[in-house]
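Per full-length UniProt numbering, residue 1 is the first one in the sequence shown, and the count goes up by one each step.
Take these hints with a grain of salt, some might be off.
Computed spacing ranges between beta-carbons, pair by pair [as the list claims (entries may be wrong)]: (1) Lys135 with His84: 30 to 36 Å; (2) Val48 with Gln125: 31 to 37 Å; (3) Asn101 with Lys53: 30 to 36 Å; (4) Lys64 with Val97: 32 to 38 Å; (5) Gln50 with Val95: 20 to 26 Å; (6) Lys51 with Met156: 31 to 37 Å; (7) Asp89 with Asp54: 18 to 24 Å.
If you are wondering where the hints come from, they were derived from the structure by calculation, not from laboratory data. For every residue, glycine included, the Cβ atom is placed at its ideal position computed from N, Cα and C.
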Amino acid sequence: MNESPADYRGFLVYDVLYLIYMIYFLVYISTACNPTDIGMLSSVINQVAQKNKDQGISGFLYYKDGTYLQLLEGDFKMVNTLFHKIIEDDRHTNVTVIVENKIEHRVFNDYESGFLVPKDKKQYQKLNDYLSYLKLLENDEINNTISILESIISKM
1 MNESPADYRG FLVYDVLYLI YMIYFLVYIS TACNPTDIGM LSSVINQVAQ
51 KNKDQGISGF LYYKDGTYLQ LLEGDFKMVN TLFHKIIEDD RHTNVTVIVE
101 NKIEHRVFND YESGFLVPKD KKQYQKLNDY LSYLKLLEND EINNTISILE
151 SIISKM
């Protein structure tokens, strides 16, 4: 049977559209080069929150005892551009990607304007409650991501 590229055109279009409309997410962990003041960290988040929102990036940032844990989600190119800026940021060292993947729906789209820096046990509990809520959606992709996040946070 002789097949031409046209025979696969429908599959190619489907694959391209699938990749375009999927949400890319990346979770990384890094070490703070200097002890970070929570007030300063909140200030930085407030400065970049609108820019990230304008670029379609959502996620959360968790900081504890000199360690950053962040999930970024959005368009592949936008997330990677931001991640490369983070790698070059002199406030981070040992930047390590924990997991990256494509998902159908954002995990943190409507949570705390997209970012959270827990300052106390109440906010930490709010994050845990949100993660528990997400598990109720019974989405395997989201549940796998949540399990990874919970495991890392519990060890920080």
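Going through the hints against the structure:
1. Lys135 with His84: 30 to 36 Å: Holds, at about 32 Å.
2. Val48 with Gln125: 31 to 37 Å: Since the Cβ atoms of valine 48 and glutamine 125 sit about 25 Å apart, the hinted range of 31 to 37 Å is violated.
3. Asn101 with Lys53: 30 to 36 Å: violated (22 Å)
4. Lys64 with Val97: 32 to 38 Å: The hint (32 to 38 Å, Cβ to Cβ) is violated, given that lysine 64 and valine 97 are roughly 19 Å apart.
5. Gln50 with Val95: 20 to 26 Å: holds (24 Å)
6. Lys51 with Met156: 31 to 37 Å: Violated, at about 27 Å.
7. Asp89 with Asp54: 18 to 24 Å: holds (20 Å)
Of the numbered hints stated above, those contradicted by the structure are hints 2, 3, 4, 6, listed in ascending order.
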